[in-house]
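Chemist: Chain by chain, the residues:
Protein chains: 2
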Amino acid sequence: MILYDYKRAPNPRRVRIFLAEKNINIEIRNVDLMNQENIKEDFLKINPLGTVPFLQIEDGIGIAESIAICRYFEEKYPEPALMGKDPIEKAQIEMWQRLIEFKGIFPAGEAFRNKAEGFKDRAVAGPVKIEQIPELIERGEILINYFFKFINARLSKSEYVGGKSFSIADISAYIAIDFASWIKLVPDESHGSLNEWLEKIKLRDSINA
Amino acid sequence: MILYDYKRAPNPRRVRIFLAEKNINIEIRNVDLMNQENIKEDFLKINPLGTVPFLQIEDGIGIAESIAICRYFEEKYPEPALMGKDPIEKAQIEMWQRLIEFKGIFPAGEAFRNKAEGFKDRAVAGPVKIEQIPELIERGEILINYFFKFINARLSKSEYVGGKSFSIADISAYIAIDFASWIKLVPDESHGSLNEWLEKIKLRDSINA
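First to last, the sequence lines map onto chains A and B. For the first sequence, numbering that gives the first Met the number 0 assigns the number 0 to the initial residue and increments by one for each residue that follows. For the second sequence, numbering that gives the first Met the number 0 assigns the number 0 to the initial residue and increments by one for each residue that follows.
Hints are computed from structural coordinates only; laboratory data are not their basis. Among these hints, one or two may not hold up.
Identical copies carry no separate label here, and so any pair may be met within one copy or between two of them.
[What the hints assert, rightly or not] Derived pair list, reagent style DSS-like, types lysine-lysine, alpha-carbon separation capped at 30 Å:
1. Lys75 with Lys44
2. Lys156 with Lys39
3. Lys39 with Lys199
4. Lys21 with Lys114
5. Lys119 with Lys183
6. Lys183 with Lys44
7. Lys148 with Lys44
8. Lys39 with Lys21
9. Lys128 with Lys148
10. Lys156 with Lys201
11. Lys114 with Lys156
12. Lys128 with Lys156
13. Lys84 with Lys128
14. Lys44 with Lys163
15. Lys163 with Lys84
16. Lys6 with Lys119
17. Lys75 with Lys6
18. Lys6 with Lys156
Using the sequences plus the hints, can you model the full thing?
Modeler: Here it is in structure tokens:
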């Protein structure tokens, strides 16, 4: 089993933190996105989507998409549970995980990809050439500022994003906030509950995975 | 238990088809999105996000996000399995479900919301006022045309989107294609495998739920 990875990108990091929380050690191989190694023939034979993270379980059986990779490990090694223990918890954590992706990770990614020189005609992930749309930088910034408020309000009422214990929703939220800092947006002191939660999360051994 | 619903929107329909496949009957209440009933006080007390579908399990315990609602029912009533039976199947179905959302449902939604008169300053779902960006109509159309190719290629090698049996990935793909037709994009005869699959899916009793 091999995890194809890239240290500096947000999505592979979600998987590395998840594995560290579960204390799972597997072989990791780096795919150099900066040199577009992910869209070269050798890697496309492994993952035709050309994306990382990618988990090769065995020849011909692989999983793309960070959350789907986490699902595989959660089902295989349920403890400690990072995606909930019963139907209500599982659904609530999935709800929060998704809300954070849509309101945090995606707008940050959209602002970043429509701004960065390196993504000039690759503003959308995937094989289709898409030109940057400058208006999406501002739209992303507006949405990220709302996301800070949204997550702060949640954390003023809940110890962790998904409920009473640490879960994949916290991992996604941490990654969303880190990703937002790439476009220089950082929650200010008005977001007290969010900042307290951030301090707590940064103490976890897994977080620098 | 009450499911808050709106007949004409794509996301609530995913949940209704899922419930019909599992033969689950619950109370359903309509929230009139056209009259913005979803952002009026009465409904915001039930779901502060102002979104449908929303599943109220009991007082104070509710689930937003269609896929999270499906997860609740899948965990509670595992048969027939619509999200996979073992770790590999669960991960593969989640991967395909996500790929279809990102490559199909989202671009269709983006093209639609940035085009339709009724969403003039509400181009992004949620409480933040966001102006329409006309370039996103064309971007959405380009991405949808790629989505048709992408899903056709998958279905030329797999009986169903997620693997050997019908799953939530098929429900999402069907909804993506229906949503694309709102902006007048329909897979043509060059997408043979996709069209064959569509004919097969349309025969299911659940599909008009």
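Chemist: Hint by hint, say whether it matches the structure.
Modeler: Do the hints match the structure? See the list:
1. In this homomeric assembly, Lys75 and Lys44 come within 30 Å of each other (Cα to Cα) only inside a single copy, at 26 Å, whereas the closest approach across copies is 39 Å.
2. When the C-alpha separation of Lys156 and Lys39 is checked against a cutoff of 30 Å, the pair qualifies only between copies, where the shortest distance is 23 Å, while the shortest distance within a copy is 47 Å.
3. With identical chains, the CA atoms of Lys39 and Lys199 are never at most 30 Å apart, being 40 Å at best within one copy and 36 Å at best between copies.
4. Neither within a single protomer nor between protomers do Lys21 and Lys114 lie at most 30 Å apart by alpha-carbon distance, with minima of 36 Å and 45 Å respectively.
5. Proximity of Lys119 and Lys183 under a CA criterion of 30 Å is satisfied in both settings, with 20 Å inside one chain copy and 29 Å between copies.
6. For the homomeric pair Lys183 and Lys44, neither the shortest alpha-carbon distance inside one copy (37 Å) nor that between copies (35 Å) is at most 30 Å.
7. With identical chains, the CA atoms of Lys148 and Lys44 are at most 30 Å apart between copies only, with a shortest distance of 19 Å across copies and 43 Å within one.
8. For a Cα distance limit of 30 Å, the shortest separation of Lys39 from Lys21 qualifies neither inside one copy, at 32 Å, nor across copies, at 43 Å.
9. In this homomeric assembly, Lys128 and Lys148 come within 30 Å of each other (Cα to Cα) only across copies, at 15 Å, whereas the closest approach inside a single copy is 34 Å.
10. When the C-alpha separation of Lys156 and Lys201 is checked against a cutoff of 30 Å, the pair qualifies only within one copy, where the shortest distance is 20 Å, while the shortest distance between copies is 44 Å.
11. In this assembly of identical chains, the alpha carbons of Lys114 and Lys156 never lie at most 30 Å apart, being 35 Å within a copy and 37 Å across copies at closest.
12. In the homo-oligomer, the alpha carbons of Lys128 and Lys156 lie at most 30 Å apart only across protomers (25 Å), although the nearest pairing inside one protomer, at 43 Å, exceeds that limit.
13. For the identical chains of this complex, Lys84 and Lys128 are neighbours neither inside a copy (42 Å) nor across copies (37 Å), given an alpha-carbon limit of 30 Å.
14. Taking identical chains as interchangeable, the C-alpha atoms of Lys44 and Lys163 lie at most 30 Å apart only when they sit on different chains, with a minimum of 22 Å there against 42 Å within one chain.
15. Taking the shortest alpha-carbon separations for Lys163 and Lys84, both the intra-copy value of 12 Å and the inter-copy value of 28 Å come in at or below 30 Å.
16. When the C-alpha separation of Lys6 and Lys119 is checked against a cutoff of 30 Å, the pair qualifies only within one copy, where the shortest distance is 22 Å, while the shortest distance between copies is 40 Å.
17. Taking the closest pair of Cα atoms, Lys75 and Lys6 come within 30 Å of each other only inside a single copy of the chain (24 Å); across copies the shortest separation is 38 Å, beyond that limit.
18. Neither within a single protomer nor between protomers do Lys6 and Lys156 lie at most 30 Å apart by alpha-carbon distance, with minima of 33 Å and 33 Å respectively.
Hint violations for this structure: numbers 3, 4, 6, 8, 11, 13, 18, all remaining hints satisfied.
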